[in-house]
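S.K.: If you're matching them up, the sequences are chains G and S in order. Start counting the first sequence at 1; every next residue gets the next number (full-length UniProt numbering). Start counting the second sequence at 1; every next residue gets the next number (full-length UniProt numbering).
Honestly, the hints are just simulated from the structure, not real lab data. Worth double-checking, as some hints may not be accurate.
Below, computed lysine-lysine pairings styled on DSS-like, alpha-carbon distance capped at 30 Å [what the hints assert, rightly or not]:
1) S:LYS267 x G:LYS174
2) S:LYS213 x G:LYS106
3) G:LYS174 x S:LYS182
4) G:LYS256 x G:LYS215
5) S:LYS213 x G:LYS167
6) G:LYS146 x S:LYS31
7) G:LYS48 x S:LYS267
8) G:LYS48 x S:LYS31
9) S:LYS269 x G:LYS48
10) S:LYS31 x G:LYS174
11) G:LYS167 x S:LYS182
Anything over 12 Å on all C-beta distances counts as not near chain G; from chain S, calculated [stated by the list, open to error]:
12) TRP27
13) ILE49
14) VAL99
15) PRO113
16) ALA115
17) ASP209
18) LEU246
19) ILE254
Just so you know, even glycine gets a beta-carbon here, dropped at the ideal spot from N, CA and C.
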Amino acid sequence: MLTNKNIVNEGKFGKGKENYVALFLTPIYENMATDYAVVVKDLKKSFKNLQVLRGISFSVARGTVLAILGPNGAGKTTTVRILSTLITPDEGIAIVNGFDVQKHPKQVRSNIGLTGQFAAVDEYLTATENLYMLGRLYRMSHAVIKERSKELLEKFDLVDAAHRSVKNYSGGMKRRIDLAMSLIASPPVIFLDEPTTGLDPRSRLAMWEMIRQLKAEGTSILLTTQYMDEADQLADRIVVIDNGLVIAEGTADELKARVGSDRVELKLAKEDDIEKAHALMNGESVHTNTDRRIISVTTKGGITRLKEILQRFESAGLEVENVSLNRPTLDDVFLALTGHAATEETEADQHKK
Amino acid sequence: MIDKTRIQDTLSHQKRASLFWLLSDSWVMTKRSTLHIIRSLDQLLSVAIFPIMFLILNRYVFGGAINTGEISYVNFLVAGILVQMLAFGANYTTINLAVDLQQGIVDRFRSLPMASSALLIGHVTSDLLRNIISAVIVFAVSFIIGFRPSATAVEWLLVIALALLFTLAISWLSAILGLFVKSLEAAQWVGFVVIFPLTFASSAFVPTDTMPKALRLFAENQPLTHVINAMRAWLVGTPPGNSTWLAFVWCIAIIVVAMPLATWIFKRKTS
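Excised from the complex, chain G in its bound form (with noise of 0.2 Å):
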């Protein structure tokens, strides 16, 4: 025990941050590992006659977000159920915090935390049992337990509900509880599949929320989604995957930038203007539409050319109503790299399960 803690605390395993987990080896992948929390290297796993991953490749920096994002059947689960050792790949590697998840997979459990689609609750007990129990499990102390217990509880504001059996907790408590207990241990790495599916508007941003802290903390996070906007919030780096491949990764703007540029759009007050604005931006990529008083002006030049443009405007003496600076969106970028929606359901997705 004690030699483990000194690992710990020679910091390898991320900032410092205090570690409850008791067992704790050397990572055998350490220069690979020191500044990743998760390396994938060319992951393939097939079901039956369905290839699920088709050799996927990512990694996630200590101490960020990374999002998994892709639509229904593309993979996603099956590339959390291998990290957190659940399945096993066909080929392909996979280290988290510096282990093999084939080679160590005990090793890889001490270090993570996962949250699944549906909430792995035991409804029977209390909140505080739950904890209790997946403490236990994590091979904590009791004292290290109830300490951390109450500090969850509060923070996911459990308190009041904590002597209730989850049962009766509402979808959103419960899964509050459920990522209360991923973190009883507090592992250095945490995955969540798709953490706010289901949730009404109100319990998702409070998620969300909770995700922010979390990384705040120093915690390495891996979540899937197939929400553009949440993985446009959360992650500081984005892997798009379809159909068991990775198709496009970076950050939310590098995504973006992608598929092009931004869109000036303009409203002006009057019908007559429009023409004069058409040869007032004479030479650019300009759309018009004449019944809606509407010009919109493509460009990269973000708010600066908004600006400028809007000042073009008024020494003309055009009058405009509205006006507003369309970013593409990440539903843009998906239509871009796949040629189909996020949300279409893929053939994969039928033969899921």
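Place chain S on chain G using the hints.
M.R.: Chain S alone, transformed into the frame defined by chain G:
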């Protein structure tokens, strides 16, 4: 730099401690399953009501029509009802395991550094507790309706030992069933379909002498009959034949086969 000997040390520490952790994990899971018994109303009701219902119905509906020779029917009946209740109680492992497997909670357990067989051990051990409660109720009601055992202290201990061993045997068989059934309904159904015929085609409720030859051959040689005959012999002094030791042999043999088999299937099924 990594120190190779330190890794070796930690690995061997883990190995030495693995039995300790298995017991610790199993204890956690047993507490969980036990809370399920206490908190779920239907489990509590079936534990309490079924034995009472069966005792009273059998005693007063069939009792007058069945000839059990020198001993009274209620004295004959108690061992049979007890074993039937133990078998139904042990069937809860099928139901609870099927429920766990349907929900995400098994995935959660498997993503933890726990011993995976602890989940099975927890369900099986909580069956023991449920059956102890059931057995106490069976005996209490039996006394009220006229059961008068002649067992000595040693014979009572033998009854208790065999009851626990029999529960374990059926629980481990139930665990195997629980790993294969696809739904909760199937889990309940499969228990009834297996346990009902087995208890009726045994010496539980009637002496086997009047059964047709083939059925009688089966009834007299199946494990439930041996367990019932052994208990009846200890409780009210009927002639045991070979049943006393055959009952133990059957139970131990079932445990020795079913326990590793269930564990093996569980590991394969969930990976």
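S.K.: Take the hints in turn and mark each one as holding or not.
M.R.: Hints, verified against the model:
1. S:LYS267 x G:LYS174: Given that 30 Å is the threshold and the Cα spacing comes to 28 Å, the pair holds.
2. S:LYS213 x G:LYS106: Judged against 30 Å, a Cα distance of about 56 Å means the pair is violated.
3. G:LYS174 x S:LYS182: 25 Å, holds
4. G:LYS256 x G:LYS215: 23 Å, holds
5. S:LYS213 x G:LYS167: Status violated; Cα separation ~52 Å.
6. G:LYS146 x S:LYS31: 17 Å, holds
7. G:LYS48 x S:LYS267: 19 Å, holds
8. G:LYS48 x S:LYS31: 38 Å, violated
9. S:LYS269 x G:LYS48: 15 Å, holds
10. S:LYS31 x G:LYS174: 21 Å, holds
11. G:LYS167 x S:LYS182: Judged against 30 Å, a Cα distance of about 23 Å means the pair holds.
12. TRP27: 8 Å, violated
13. ILE49: It holds; ILE49 of chain S is separated from chain G by about 20 Å at its closest Cβ, greater than 12 Å.
14. VAL99: Violated, because the least Cβ-Cβ distance between VAL99 of chain S and chain G comes to about 10 Å, which does not exceed 12 Å.
15. PRO113: 4 Å, violated
16. ALA115: Contrary to the label, ALA115 of chain S does not stay out of reach of chain G, its closest Cβ about 9 Å off (not over 12 Å).
17. ASP209: Given that every Cβ of chain G is farther than 12 Å from that of ASP209 of chain S, nearest at about 47 Å, it holds.
18. LEU246: The assertion about LEU246 of chain S holds, with a minimum of 39 Å to chain G.
19. ILE254: Holds: least Cβ distance 29 Å, greater than 12 Å.
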